[in-house]
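Student: One-letter residues, chain by chain:
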Amino acid sequence: DAGVTQSPTHLIKTRGQQVTLRCSPKSGHDTVSWYQQALGQGPQFIFQYYEEEERQRGNFPDRFSGHQFPNYSSELNVNALLLGDSALYLCASSFPGLALGTQYFGPGTRLTVL
Amino acid sequence: AQRVTQPEKLLSVFKGAPVELKCNYSYSGSPELFWYVQYSRQRLQLLLRHISRESIKGFTADLNKGETSFHLKKPFAQEEDSAMYYCALTGPGNFNKFYFGSGTKLNVKP
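Line by line, the protein sequences are chains X and S. The numbering of the first sequence is the numbering used here, which starts it at -14 and goes up by one. The numbering of the second sequence is the numbering used here, which starts it at 331 and goes up by one.
Some hints could be false.
Unchecked claim - Only part of the chain X face toward chain S is listed, based on derived beta-carbon distances under 7 angstroms:
#1 Gln26
#2 Gly27
#3 Pro28
#4 Phe30
#5 Gln33
#6 Arg40
#7 Gln41
#8 Gly86
#9 Thr87
#10 Phe90
Unchecked claim - Here are a few chain S residues that sit away from chain X, every Cβ distance over 12 angstroms (derived from the structure):
#11 Phe344
#12 Lys352
#13 Lys395
#14 Asn437
#15 Lys439
Hints listed in this document are in silico derivations from the structure and should not be mistaken for laboratory results. Ideal Cβ positions, reconstructed from N, Cα and C, are used throughout, including at glycine.
With the sequences and hints as input, model every part of the structure.
Tutor: See the structure below:
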């Protein structure tokens, strides 16, 4: 099991563009959370998907949207990119039977907005 | 408003010295507190959770509700403890939403 995988590793976009980031959860996990980590900051919760529905959402604008597929993989979409969206985007997977707080993180996607 | 504060960006200690990484929080209600760790070239991972009252790799954390703190401690630091440490919380009704602090980089010198 490769654990949580994310793609792409890096990407560069310009202001106003749209981007899609992808996450495959660890085998057996059905819950995917997305985080934004700006340079020098801790991860900020964007949203969580479970059973193909958004279950929780952090304080992010509607430009940030997501999707979960039947195989539990997930996408994070960001529209109308701003310079401030430049960050490391982390995906974490879990399932309801895990102890609270146990989530497995991916390596992240580094997004640079020029 | 929910907030986690880690006042130290960098903490340097010598091997064998005690370590205390500070974490203060604000939350409307009774949160659950956690410490996550990220070793060099590795992924972020859970270190310990308050609810389990556990000691992991010699680390413990005490929840002080009066001071709203959850400091991470280890009596004798080891070089392999060098890493980035993040304090985090979640709470009733929002158990799937985690709030992280900005992190403290621990550097244990030989």
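Student: Can we trust that lysine 395 of chain S is non-interface, i.e. its beta-carbon lies farther than 12 angstroms from all of chain X?
Tutor: 18 angstroms, holds
Student: Mind verifying the non-interface call on phenylalanine 344 of chain S? Its CB should be farther than 12 angstroms from each CB in chain X.
Tutor: 25 angstroms, holds
Student: The hint names arginine 40 of chain X as touching chain S; please verify it with the least Cβ-Cβ distance against 7 angstroms.
Tutor: 6 angstroms, holds
Student: Please settle this one: lysine 439 of chain S was flagged as non-interface, so is its CB more than 12 angstroms from every CB on chain X?
Tutor: 22 angstroms, holds
Student: Using 7 angstroms as the Cβ threshold, decide whether threonine 87 of chain X counts as touching chain S.
Tutor: 6 angstroms, holds
Student: Just checking, asparagine 437 of chain S versus chain X, shortest CB gap more than 12 angstroms?
Tutor: Since the minimum Cβ distance to chain X is about 16 angstroms, asparagine 437 of chain S lies beyond 12 angstroms and the statement holds.
Student: Is the shortest C-beta separation between glutamine 33 of chain X and chain S less than 7 angstroms?
Tutor: Status holds, d = 5 angstroms.
Student: Checking hints one by one. Is glycine 86 of chain X an interface residue toward chain S, by the C-beta closer than 7 angstroms rule?
Tutor: Since the shortest Cβ distance to chain S is 4 angstroms, the answer is holds.
Student: Given a cut of 7 angstroms on the nearest C-beta pair, is the interface hint for phenylalanine 90 of chain X held or broken against chain S?
Tutor: Hint on phenylalanine 90 of chain X: holds, closest Cβ of chain S at ~4 angstroms, below 7 angstroms.
Student: Double-check glycine 27 of chain X for me: the hint is only fine if its C-beta lies closer than 7 angstroms to a C-beta in chain S.
Tutor: Hint on glycine 27 of chain X: holds, closest Cβ of chain S at ~3 angstroms, below 7 angstroms.
Student: Taking the least C-beta to C-beta distance, is proline 28 of chain X closer than 7 angstroms to chain S?
Tutor: 5 angstroms, holds
Student: Quick check on phenylalanine 30 of chain X please, does its C-beta sit within 7 angstroms of some C-beta on chain S?
Tutor: 5 angstroms, holds
Comparing the model with each numbered hint stated earlier shows that all of them hold.
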